[in-house]
Each structure stands twice: as structure tokens, then as C-alpha cells.
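Protein chains in written order, with this note's numbering: chain X, 1 to 285; chain W, 1 to 232; chain H, 1 to 363.
Only part of the chain W face toward chain H is listed, based on derived beta-carbon distances under 10 angstroms:
id : residue
1  : P127
2  : L135
3  : A136
4  : A139
5  : L147
6  : E151
7  : L154
In silico BS3-like cross-links for lysine-lysine, where the CA-CA straight-line distance does not exceed 30 angstroms:
id : chain 1 : residue 1 : chain 2 : residue 2
8  : W       : K182      : X       : K78
9  : X       : K234      : X       : K77
10 : X       : K207      : W       : K182
11 : X       : K253      : W       : K182
12 : W       : K182      : X       : K254
13 : X       : K172      : X       : K135
14 : X       : K253      : X       : K56
15 : X       : K158      : X       : K93
16 : X       : K31       : W       : K31
17 : W       : K150      : H       : K107
18 : H       : K58       : W       : K150
19 : X       : K234      : X       : K78
20 : W       : K182      : X       : K77
21 : W       : K182      : X       : K244
22 : X       : K261      : W       : K182
23 : X       : K266      : W       : K182
24 : X       : K279      : X       : K253
25 : X       : K237      : W       : K182
26 : X       : K31       : W       : K182
27 : X       : K56       : X       : K77
28 : W       : K182      : X       : K56
29 : X       : K78       : X       : K31
30 : X       : K56       : W       : K31
31 : W       : K59       : H       : K58
32 : H       : K83       : W       : K150
33 : X       : K135      : X       : K94
34 : X       : K125      : X       : K207
35 : W       : K150      : H       : K139
36 : X       : K158      : X       : K77
Derived from the structure by calculation, the hints contain no laboratory data.
The structure displayed is predicted, hence computed values, not measured ones.
Glycine included, every Cβ here is placed at the ideal spot set by N, Cα and C.
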Amino acid sequence: MNRARNIVSLFTALVALFCVAMAQPAAAAQKNLILATTTSTQDSGLLDVLIPLFEKESGYFVKTIAVGSGQAMTMGKKGEADVLLVHSPDAEKKFMAEAAGSSRRLVMHNDFIVVGPTSDPARIKGTKSSAEVFKKIAQAGTLFLSRGDNSGTHAKEKGLWKVAGIGPDGQKWYQQTGLGMGQTLNVAAEKKGYTLTDRATYLALRKTLGLEILAEGDPQLLNIYHVIEVNPAKWPKVNTAGAKAFADFMVSKKTQEVIAKFGVDKYGSPLFFPDAGKKPESLGL
Amino acid sequence: MELILDGFVQAWHLLVSLDREVLSVVLLSLKVSGLATLISLVIGTLGGTAVALTDFPGKRLIVSVVNTSMGLPPVVVGLFVTIMLWRNGPLSAWDILYTPTAMVIAQTIIATPIVMGISIAAIQNLPANLRLQILALGASRSQMVWLLVKEARLPLLAGIMAGFGGVISEVGASIMVGGNIKGYTRVLTTATVMETSRGNFDTAIALGIILLALCFAVNYLLTVVQQRERPR
Amino acid sequence: MTVRKPILELRDFRVERGGTEVLRIPSFSLNENETVALIGPNGTGKSTFLLSLACLLKPADGELLFRGETVRMGSGATDFRRKLAMVFQDPLLFDATVFDNVAAGLKIRRLPATVIRERVTSCMERFRIAHLADRSARKLSGGEAQRTSLARAFATRPEVILLDEPFVALDPPTRQTLTDDLEQILRESGTAAIMTTHDQVEALRLADRLVVMHQGSIVQTGTPSTVMGQPANEFVATFVGMENVFTGTVAEAGNGLLALKVADRTMELPGDGAPGERVVLCIHPEHVVVTPTSPDRTSARNVFSGSVTKIVSLGLFNKVYMDCGFTLVATVTNQSLSQLALTPGCQVYASFKATAVHLFRKG
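Could you build the full structure based on these sequences and the hints that come with them?
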């Protein structure tokens, strides 16, 4: 029975130890800021550079929740996030129209590209218009992988099908992965299919994929990021000051310079292009 | 195959170099899952023993519910806990969504039925007359419960192992209620998912290997205790 | 016999399970220094009886008294149980060493370690398991395990010990030596004991008093010789091993003598009755004598001629079945069997004393 008592006291000591250990990070609670963003910003590693800069500068503790643009905006609508960094312009406009956000500012863009196997069975290489590219894929009936997760990328892709006048849903050559961008690219590489991706994720993954850029450059393919402050009028619990501080930080000159340089050392070209202060029209929207 | 070998090499490097980020991820995994297991151990063993030893109407229903809950999908638990903890949810006052505490809660919900189900089975598997024998030896009720738990300690340890293994390898709930926040709620499983999604397969594999090694180490420790507990 | 004080008593005690009555004991007492054997077929409530005495069952009705004072369920029951000990059919040892098992009851009582060590050591010696002290209870033979269980019970120095078929799972030689040891320890310690068994030999060896149970009730209580020699009814008679049980009809009655018709034969017995009355007769096989020629006919003997139908060897003795118009069983030693040259089919005479017959009115 002595041994049993020892075990009990050991467990008690452990519980106490854990409680002490867990108690530490909770101290900074009132300075918490919830940023809901797309997986692409996290997966590219950009936020790993920007967030520490912001935290150091402002003293806020940022809880970055990386989800699809759709879910990020739902979190904003429900007041479960303070600030959004998203790239789904049409949905964003609707979001603002519903007064779910109090301010929306252009931050940066990267672009979407169509990637596929080097053999290019649908012969889309060199085709400029994205509508034309999608028509060719549909005509050839070659496998196309869609995120199918209501992310910004997925929304963009659905828009492109619409412009091309094609309803891909239910087609044999059209498959939805329900996964993030990186994983969808992996599936496309594995199955030798086409997919629409943002350049940043593609560049980050290029070495392991064996997929080639087959269509790029169409203004339709731009992937534009806005920072949106969630409207505190609707959700009083929203950290307004923090959201504003973060949005200001994202469009500041210093941050824009960091964005412009990000990825150059690793991939040879930047992953994002800073756009703060520009008019959306200048990007062909 | 090459990727897996690279993963081993990198796992070794990450561990040997005591990479601060990896270390914090490993420690958080251990803290969160360890604490969740301890809490579920207390609730599960006490609750399981109570259910096993008392007769009450609806006992079968409770046991069935517990047994079904042994396989609770972590994402479902994660979703439920997230909704409860939302700023506009019923438990918003706690203000703990996207914190390690929320992860402990979710993992406790996952592990408790496992520990409890195994406790119920372990206590019920003891000879039916053992209870009477212990009482006949002059034991008070609390002494009897303690002796029974002690007698079932080997399956109970197996229950702890199952519970810990279940939560430390769980990703769905951790990512939903923790948010995979760097340096704060990032644990081995969520980091593995993220690194996979980033295409950093070698790092992902390295993290996976560390996770496996951790599970192995903890289970080995418990197994040693379990085997030593057996007298000659 | 000196008058003994009762130590455990049941009064108007009834136990129900799922709405049906499984035990009804209007009155029972176990006295100081006494060993009682509870016998009866399986499922007749013997174990329920013992659990009731240990206050381990909630009765539907009635009370349990310890040295004249009522024992209540609940926390008082724990203090009461610390004055007794119980051994089950299954040794029910803890997954620990033999020493720790024997010490279990003492640890529960929170006795000082030195007292525990001393008592456990002496108790293990008494039950001849001292050499097993450090062995795991999971690695004991059946006999060793039950010795450990008994030592655990006696280590607490109980005032009463309850034994529920303690030897039933053991092989005959182990059972024999363990019964010997238990008998000696019970005699030495003077602990009041009550044990259930369906082994009559065991019951006769150990018990001062037999209690026969049937369908949840006590049907007869008495010394072993009373119960074996004068069973209270047909059930007890059959149960205690009277294999010769017949039904008959009173043909004539008078002067304290009865003439009974059994099949087409007539028996004469002392007793009263009315002609036409139906009765049951029981005779122990030991009391039936087999002879090759007709013995001298006396008034004390009933003699029937018949033929041997079957001989069953039981080792030292044999059971000889005879057809005398009804089937009669006799116990015959090996020696007699060869002297009488008994074989199936041979003609014999079977006789018994009129006083060897037990008679019950058929209700």
C-alpha cells in the first residue's frame, strides 16, 4: 500500500506542476488578437515573418487561425475574429455590404496559376485567356482537381468556370479534394491532373511536386489580399484597437517592404507583391 | 522511401540540436496530453468505479454511452468545444478559445470515456465475490473501493496508455480549439499537418517520428511500471 | 453438553431476490465454541444464509444479532464484520504476495506494522504456508491458495468464522489434509464456525451440529447422529444418503406395531397408524444385511428373498442392488462380497432390523 501511496503523491505533484506550467501563457489574455486568415498566408511562411514583427512592435499577442477564406469570413461575421487577411474579393464586398467589417484595405497580391503535368494532355500551354484554358481542359476531359473547400482559391476557380461557360460539377474529370492548397497540389501531382493554385504555395512546394506552370498572367488570375477589421458595432467583444493596429501594420511602408522581399532568397522571386494604397482598378479588377 | 530516411535524419538533427521551436512543440504536446490524461484518469477511474459498483436504473444506458464515447471522433469534440467557447458561445466568459487550456478540455473529453470504459470493464471483470470478500475482511466502503481499484490496476494502466495514446496523436480537436498558433498552441500533430500542407515533408516526417518516439517512451514507462507491479 | 451462549442469531429473517423469497429463517443461532455445518443441495440458499450472517445482504425482513445486540446495515456493519471472517469457495486472493494477502485484514484494521508481521508470521506457520510468504498469490496451487485464504481469515482473530464450501474446488487428498488442519485449528482456537458443504463426511468430521436446508428454509437441525439416524422427513433422508426409500400402505395396525405393504411384500415395524394410510420408509444401506440362506426369523427382523441385480464397487465396499419385489440396496465390504460369492443373478436373503427403518407419513 505504501507504493500505491507513492504513486498517488507522484500524480498529485505532476498535476500541480502541469497547472503551474499551464498558467503562465494565460497572463497576456487582454492583449489577445484573433487573426483569421487563409491557409496560403500561413503555408507560404509569410505570417511567420510578419506576426513576430507586429507582436514586438505593438505588444499584442496574435492568435493566427489559418482556415479557408470562407471560414475566415464566417468567423468575422460571427465576431469570432478581430481582423481578417483574406483573398476572396466578391465575398469580401458582400461581407462589407452586410456591415460585418468596419474597414477593408488592400494589402498585396500574388497570382493564381494553372499547373499541370509536363506532358500537358489538354495542350493549354501558351493560352493567355483563362476562360480559354478552362474550356480546353473541359473539352479534353483531363483530370482537374478542385479544392472544393469554399476557400478563396475555390471561389476564384468557380468564377473562372462561370466565365468559361462550363458547369464542371458532376463531371468525371472534375474532382474535389476538400483539402488545403498544399495538399491539393500534392494530389494533383500524384494523379497527374490540373489544378488552380496561388503562386506562393506552388513556389514553396515546387521542388517536390513535378508540376509545371502552364497558364499565367491573365488579370483574371490575380489573387488579391485585403485586411478587414471586423465591425465592433455588431460584436462588442471584438478587439477594435488591436484590429486597427494590425491593419495599419499590414499597410505600413516597412511591412510592405518586408512583403516585397519575402521569398526572394529562397525561391529566386518574390511570392507576394505589395499593393497598399493602390486602387483595385490598377490591378485590372 | 528516401523521404522517410531524410525524415529520420532530420528528426535526429532537430532533437540533437534542441531546436527551440521543436522543443516547445514537444513540451506542449506532453503538457496538454499529459494533463488531459491525468484529469481523465481521476474522473474516469472514479466515475468508472462508481458505475461498476452501483446498481441504478439506466446503468446499461450509461455504460453503452461511455463505451460508444470511447470512439468519439476528435473533430466532433473539437467542433462542440469550439462552439461552446466562442466569444458568443455559452462559455465565452472563460475566454479560453485558442489556448492550451481549451486543448486540455477537448482532449480530456476525448480521453475520459476511454479511461472510464476500461475502468468499468476492469472493475466488472474482477470476481463477483471479491467485493463481498473485501467487506468481510472488515473493509469500510472507501477501503473496499481502493482495494478493488488496486486489484484492477493493470487494466487501469492499460486504460491510461490508451487514453494518452488517443489524445497525443489526435489532431482534429487540437487544431480546432487550439488553432495551431505558433509557439502557443502548436503541438506535434498540428505541426505535422501544417508542415505537410506546406510541402515540407521531411520536417513533417521528422515531427511524426518524434511523436511516435514520444508515444513509445511514455508507453514503455507505463509498461515497466505495469510489469514491475506484478510480484514474483 | 454445557449450555452455550449464542453469538450470532437470526430472527424472523427473510431475504428476497427479484420479488421471490429465497431465504426464510424464523430463528437460528450459532453458539460460542460451536461448529455448525450447513448442508443441502445447490441453490437452496446456503450461501445466502452465510452472507446474511455476515451482514452482507439486505434482508426483506427480520434482524441479525451479534451477542444479543442488533446489527444494522451501514457503517455499524463494518465494525461488526471486523469481529468475523469469511472464506469463500474461491480463494479470492489479491494480486500480491502470500504475506500481503494474509496481512490484508490486519492492514484494513490499521494495526501497527510490528503486530501485523508477528500475527501474519504465526498464522502462516499454522496453515503451513510460511515458506510461500514472498510468492505471488497468482502462482499458488489450489490447496496453497485456499490455505492462504484461510490464514487471511484467521489472522484477524475473528470471533466467528463463516466458511462457504471452502474445499469444494480441491482434489480429494488436498481436501483431506486441509480438513484435518482446519479441524485442529478450530478445536484449538475455539472459534465459533459455520460452514456450508455438501460433503457429508466433511460435515460429520467438523460439525457439532448439522443444519439441513431445503428451498430456502431449515428443515432439520440436530447433532450429526440425530440427523443421519433420524431424518426429519423424506427429503433429509434422501439427502443424507438413505438410498432405500419406499412408499407403502398400512395393512394392519395395533399394539404399537404396524404391518406395511410394500409392493407385494409385508414388513413389520413398530409404530402407530391407521389401515390404508400411505407412508414412506427409509433404510440406510449400511443397515441391510445380505445372507446366502435365510437367517433366523425373529420379530425384530424383516427378511426378504430376492436376486442380486447389480453390484457397484466403491473401492473398500460395494453397493449390492437386489430385487425383492422392490429394489433394496445394501452396503457390503469387499471381504464379505467374496465370502458370500455374490454375483448378479444369485439368490440371497436381505434382512434389516425393524428399528433401522424410518417412517414418515405421506402428506
